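Number of protein chains: 4
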Amino acid sequence: MAKITFIGLGNMGGPMASNLIKAGHEVTVFDLSKAAVEALVAEGAKTSDTAHSAADGAECVITMLPAGQHVEAVYLGDDGLLARLPADTLIIDSSTIAPETARGVAEAAKEKNLPFIDAPVSGGVGGAKAGTLTFICGGEEDTFNRAKPILEAMGKNIFHAGPHGAGQVAKICNNMLLAILMSGTSEALALGAKNGLDPAVLSEIMKQSSGGNWALNVYNPWPGVMEGAPASRDYQGGFLVKLMTKDLGLAFDNAVKNQASIPMGSLARNLFQLHAGQGNEDLDFSSIQRLYRGE
Amino acid sequence: MAKITFIGLGNMGGPMASNLIKAGHEVTVFDLSKAAVEALVAEGAKTSDTAHSAADGAECVITMLPAGQHVEAVYLGDDGLLARLPADTLIIDSSTIAPETARGVAEAAKEKNLPFIDAPVSGGVGGAKAGTLTFICGGEEDTFNRAKPILEAMGKNIFHAGPHGAGQVAKICNNMLLAILMSGTSEALALGAKNGLDPAVLSEIMKQSSGGNWALNVYNPWPGVMEGAPASRDYQGGFLVKLMTKDLGLAFDNAVKNQASIPMGSLARNLFQLHAGQGNEDLDFSSIQRLYRGE
Amino acid sequence: MAKITFIGLGNMGGPMASNLIKAGHEVTVFDLSKAAVEALVAEGAKTSDTAHSAADGAECVITMLPAGQHVEAVYLGDDGLLARLPADTLIIDSSTIAPETARGVAEAAKEKNLPFIDAPVSGGVGGAKAGTLTFICGGEEDTFNRAKPILEAMGKNIFHAGPHGAGQVAKICNNMLLAILMSGTSEALALGAKNGLDPAVLSEIMKQSSGGNWALNVYNPWPGVMEGAPASRDYQGGFLVKLMTKDLGLAFDNAVKNQASIPMGSLARNLFQLHAGQGNEDLDFSSIQRLYRGE
Amino acid sequence: MAKITFIGLGNMGGPMASNLIKAGHEVTVFDLSKAAVEALVAEGAKTSDTAHSAADGAECVITMLPAGQHVEAVYLGDDGLLARLPADTLIIDSSTIAPETARGVAEAAKEKNLPFIDAPVSGGVGGAKAGTLTFICGGEEDTFNRAKPILEAMGKNIFHAGPHGAGQVAKICNNMLLAILMSGTSEALALGAKNGLDPAVLSEIMKQSSGGNWALNVYNPWPGVMEGAPASRDYQGGFLVKLMTKDLGLAFDNAVKNQASIPMGSLARNLFQLHAGQGNEDLDFSSIQRLYRGE
Chain G
4 MAKITFIGLG NMGGPMASNL IKAGHEVTVF DLSKAAVEAL VAEGAKTSDT
54 AHSAADGAEC VITMLPAGQH VEAVYLGDDG LLARLPADTL IIDSSTIAPE
104 TARGVAEAAK EKNLPFIDAP VSGGVGGAKA GTLTFICGGE EDTFNRAKPI
154 LEAMGKNIFH AGPHGAGQVA KICNNMLLAI LMSGTSEALA LGAKNGLDPA
204 VLSEIMKQSS GGNWALNVYN PWPGVMEGAP ASRDYQGGFL VKLMTKDLGL
254 AFDNAVKNQA SIPMGSLARN LFQLHAGQGN EDLDFSSIQR LYRGE
Chain S
4 MAKITFIGLG NMGGPMASNL IKAGHEVTVF DLSKAAVEAL VAEGAKTSDT
54 AHSAADGAEC VITMLPAGQH VEAVYLGDDG LLARLPADTL IIDSSTIAPE
104 TARGVAEAAK EKNLPFIDAP VSGGVGGAKA GTLTFICGGE EDTFNRAKPI
154 LEAMGKNIFH AGPHGAGQVA KICNNMLLAI LMSGTSEALA LGAKNGLDPA
204 VLSEIMKQSS GGNWALNVYN PWPGVMEGAP ASRDYQGGFL VKLMTKDLGL
254 AFDNAVKNQA SIPMGSLARN LFQLHAGQGN EDLDFSSIQR LYRGE
Chain F
4 MAKITFIGLG NMGGPMASNL IKAGHEVTVF DLSKAAVEAL VAEGAKTSDT
54 AHSAADGAEC VITMLPAGQH VEAVYLGDDG LLARLPADTL IIDSSTIAPE
104 TARGVAEAAK EKNLPFIDAP VSGGVGGAKA GTLTFICGGE EDTFNRAKPI
154 LEAMGKNIFH AGPHGAGQVA KICNNMLLAI LMSGTSEALA LGAKNGLDPA
204 VLSEIMKQSS GGNWALNVYN PWPGVMEGAP ASRDYQGGFL VKLMTKDLGL
254 AFDNAVKNQA SIPMGSLARN LFQLHAGQGN EDLDFSSIQR LYRGE
Chain D
4 MAKITFIGLG NMGGPMASNL IKAGHEVTVF DLSKAAVEAL VAEGAKTSDT
54 AHSAADGAEC VITMLPAGQH VEAVYLGDDG LLARLPADTL IIDSSTIAPE
104 TARGVAEAAK EKNLPFIDAP VSGGVGGAKA GTLTFICGGE EDTFNRAKPI
154 LEAMGKNIFH AGPHGAGQVA KICNNMLLAI LMSGTSEALA LGAKNGLDPA
204 VLSEIMKQSS GGNWALNVYN PWPGVMEGAP ASRDYQGGFL VKLMTKDLGL
254 AFDNAVKNQA SIPMGSLARN LFQLHAGQGN EDLDFSSIQR LYRGE
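Protein chains in written order, with this note's numbering: chain G, 4 to 298; chain S, 4 to 298; chain F, 4 to 298; chain D, 4 to 298.
Please keep in mind that the hints were generated in silico from the structure rather than gathered at the bench. The structure displayed is predicted, hence computed values, not measured ones. Any given hint could be a false lead.
The list treats identical chains as interchangeable, and a pair is accepted whether it falls inside one copy or across any two copies.
[What the hints assert, rightly or not] Okay, derived cross-link-like pairs now, DSS-like style, lysine-lysine, Cα gap no bigger than 30 Å in a straight line:
1. Lys245 / Lys197
2. Lys115 / Lys49
3. Lys249 / Lys260
4. Lys151 / Lys210
5. Lys37 / Lys210
6. Lys151 / Lys197
Please build the complete structure, drawing on both the sequences and the hints.
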C-alpha cells in the first residue's frame, strides 16, 4: 500500500479518493472546498492547509482538476509541486486536458526526475463510485507499470495508449466518437419513430445488427427504453452536456493544431452546443435525443 | 419443406437461394442472367422461362431485386405476379426499397388475399453465403410467423420490426446509423494517428470504452488492424460504397417525406458520395477511411 | 394582349394573375377556393366551373400549384388539360416542382404539339404583388420567346436556364444556395455578437467585404438591423420556413437522383428542419437566426 | 507624412509597405528575408539590423506577421518593442491572429501609454498591390482616427469594428462566412452541372437572384466562367487554401472559447481541410470547386 496525495475532490475525484482509502492506501487529500475535504477525512483521509504541504511525504500524487490551467497552476512555476516533490515521486494526472498541456507538464517533471503519466478517465460519476473507471494512460512503460496497481483500486480497464499525452489524445478521440454515436443513435431512433416504429423494437434490432454501439448497449437515449439509463429519469445526472461540449472543444483544438478533418465530430459538437445553448447544459448528454424530437 | 420460387440471383440472392436448397426446400429460380440461373440449377434448382411461369405452383415467392422499380414491375400491373398467384401464397420481398413502395405492394397483395412481408437483410455477401443474414421484417404477425422458418434457412437473426414497411424503415435507420458509425470511427482513428497514436492500440481502447461499436468490433476500417476485414485487403469486396450511398439515398427520401432532421446521416451520406465521386464506388464502404487520410 | 387562363390563386398566384389583368390581358381564373376566385373576378377576371372548362379558348395557360402531384393531376391523364387544349396553346407552369416531373409534363405536351415551359419564380409574395418576380425558365428557345412578354407583366428578370426542367433545376440550386447564405450569415452574426460586436456594424463590414451576399444586402436576419426586413417584425410574413424546407427537400431528391454531393445544402436543410420542428415553420426563413441564439 | 516602421514583408506586407512609400511616407522596413528587405530598399525604404532598432524614431509601427506567436515575440517581453518604444507611438498590427492575443498586446501597450489597434485586412495580394485592401479595425476611437489616414495609403475601405480585438473578431466572422459562400456556391454550381446546366448561365441567374454573393460577383469558382478569376488559371495564386484553413482554425478556437455554435462554418472548415489534405493547400481557395467535381 502506498502513501498517496489526492488533489481535486469534485464529483469524480471524491469517489476516486474514497476508493483508494477503501483499498488500504494511506491517502492525504486537498481541495478548495472544505466540505469535500471533510467528507474524505470522515472516511479516514488526512489533509493539510495547502495542496503543496498535502503532498509532503507522498509516494504518489494524483490530480483530478477541471482544466489545463489548473493543472499547470498546481505543478509548474517556482512554487509549483514539481519544484517541491522529491525525485522519483510518481505523478498521475487524471484531469481531461489538452495533450500539449500534458506533454508540457511531463517534460517539466522529467527535468526533475519525476515520473509522470497522463491518465484521463471514462466511465462517469457512476464508474468513479463503483471503482469501474477506464483509465487511458500516456507515458513511459515503467511509469505506467508503477501506476497500474494504484489505478486498479479506482478502475477496471487500465490502458496504455502510448507516450506522454497519448492518454489525453485517446480520450479526446473516444469521446468525440461517443458524441457521434450518441447523436447518430438519437437521430436513427427519431427517424424510426417518425415512421411509426417502436423505439424499443428498433433499438433491439439495431443493437444486434451493424448499427450496434455502446449507446444502444448501455445508455439508450430514448426515454423508457432502458431502465436505469439517464433517458429514463428525465436526463438527470450522468455525463452532462456541458462536459461533453468541453471535451469536444478539446477535439476542435486538437484538429486545428494537427490539420485534421473531423466533419462528423464537428457536427456533433455543434449539435451539442446548440442543445446546450437552448438551456440543456446541465442535463445528461443523451438528452441530445430531445433536439431531434423538437422539444 | 416448401415449394419456393426465388427471383433475383445477384450477389445476395444467389447464395440465399443456395441455402434454401441446402435446407431441403424445393426451389425454382429466375433471373435475367442465364449464368446465375445455371449455377443454381447445378445445385438442384428448377427454373422456367419467365419470372411468372417460375412462380406457378409455388407456396412461397421470394424476391431479391436491385430497386423499387423492379419490385413493382414484378408484382404489379395486369400481368404482374399478384394477378397470377393463387390466394394465400406467401410473398417475401427481401429487396431494400422505400417503405412506401413496400407498403404499396403489400396493399395490392392484400386485395388478392396474398400474405406479404417486407424482409430486407443485413449482413452482406458473407452473411448470405454463411446463412447468417439478419432479416428485418415488416408485416402482420401471422405472416411473419409463417415466413420465419423459411428465413431461418438463410439467416440467424429474424426480427419483426412492425407493420408493412417497417422492415424497410428499420433497415434504413440501421444502415444510416452504420454509415455514421463507420465514418465516425474512421475519423477518430485518423485523428489519433495524426497525433502519433497506433490505430490498433486506439481501436482496442475505444472498443472497450464508450466509443465501442460494430465497426470496431468486427469491421475495423484501418488497414492491418483486423485480419480478414476488407481494410486489410485493400477494401476489396464487402459492402460496396455504391450500395451504401444507395441506402443513404433512401434515408434522404424518407427524411424529406417525414420532415425528419438527419444532420449526422446527411453528412455521412455526403462524405460517402464525395468518396464515391473520387472513383471509389466499387470499394468496400470502410474505405471511407481513405478520405480522412488524404489518399 | 392575350387570352390567358390562370390556375392556382394562392399567395403567389393571386397577385400574379392580378398583374396580368392590370397589364391588359384577358384573364380567366380557376382555383378550388371560391374566395380567391371572387377576388380576381372583382378585378376583372372571368372564371368557370372547372379548371378544364376555364382553359377553353385560351391562348396561354399558366399554372401555379403547390406540388408536382397537383401539376400532374391538372395536365396528365385522359381528362387532363393536355388532352383538351388545341395544339399550339402556350403552357407555362410556374409551380416549384421536381425537374423530372416538369420534363414528364413537357414531353407529354410535346406529343400533343403543345409548347411548354417550366418557369418557377423567386421573389416571394412581395415580388408577386409588385410585379418584380424573377422567372427562371426551362424549355425551347422559341417557347421561351413567346412566354417572355407575358411573364414581363409579372416579373422583372426573366431568365432562360436551358432545356425542359432547367428552370426547376436552377431554382433548386438557387434556393439551396440561399439557405446556405442565410444560415451562414446568421451564424457569422451570432458569433460576432457572442464576442460583443454590434451586429449592425458587423453586417455593414461583411456586406462590403468578401462575405457580401443577398441576405446582408436586402434581408438581414438580425432583428433591428434592417428596417422592413422580416427580422424586424418578429419574422412574420416573408418566405416561410416550411416553404424553404420544401425546396430543400427537392434539392435532396435531386442530389440522390444525380449522385451529387451537397454537404453544405444538406446541413442547411437539416438546420431549417430542426428549426421547423421546434415550432417555427410558419415564420420567415430568416428566423433561423433564432436557432443560433438559443431562443 | 509620417515616419513609419513596417515589420513583416511577406506577400501582403511587401506591397503594403511599398504603397506607404509611394504615398510619401518615410518608411523603415524589417524582415528576416534579406531579399524582401532589399526589394523595399530599392523603392526608397530604409532598414536596420533588427526589428527593434528599425523602430527607433518611428511615429508609427506596423506589423504584418504570420501568426499570434510572432506578434507576441515582437511586442512583448523584456526586450520586446513595447519596452522600447517611446510613449504615444502609434502601433498598428495588421496580422490575422486570435482576438485574445490582440487584446493581450493591446493591454500591454496601454500600460506603456502606447496607442494600439488591431487592423487585419481582407482583399488578398491583389488588393495589397493595388492599395485597395479592406482594413477591419479594433481599438479606441482616437487611435482609429489617427491610424485611418495611414491605412488609406494601403486600402480603400477602413472599418472600425469596435474595441480592441474587434477587428480580429470581424475578420474571423467575415472569412468564415466567405468559406461558407465559396463552398456553397461551388456546391450549387456542381449540382446544376450534374443536371446538365451551363455553369455560366446558372451563375448569372443566381447572381441576380437571392443566391447572389461575393463569389458569384467577383470570384466565380467554376473554370472559364469569369476571366481573371483564379478558377480560370488553374487556381494559381489568389487566397491559398492553407490560409483559409488557418483563418477557419481561428474561428474554431473562437467558437470553443465563446461556446458558440458554428455548424456551417465547421463543415466548411472540414471540407477545406479535406481538400488541403488531398494535396491542394497551395491552390487558391476557390479550388474547393474541384472537391465537388471528384477531381
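Results of checking the hints against the structure:
1. Within a single copy, lysine 245 and lysine 197 get their C-alpha atoms as close as 28 Å, and across copies as close as 17 Å, so both meet the 30 Å cut-off.
2. Taking CA atoms no more than 30 Å apart as the test, lysine 115 paired with lysine 49 passes inside one copy only; the shortest distance there is 26 Å, against 48 Å between copies.
3. In this assembly of identical chains, the alpha carbons of lysine 249 and lysine 260 lie at most 30 Å apart whether taken from the same copy (17 Å) or from different copies (10 Å).
4. When the C-alpha separation of lysine 151 and lysine 210 is checked against a cutoff of 30 Å, the pair qualifies only between copies, where the shortest distance is 20 Å, while the shortest distance within a copy is 33 Å.
5. In this assembly of identical chains, the alpha carbons of lysine 37 and lysine 210 never lie at most 30 Å apart, being 45 Å within a copy and 39 Å across copies at closest.
6. With identical chains, the CA atoms of lysine 151 and lysine 197 are at most 30 Å apart between copies only, with a shortest distance of 27 Å across copies and 48 Å within one.
The structure fails to meet hint 5 from the earlier list, while all remaining hints are met.
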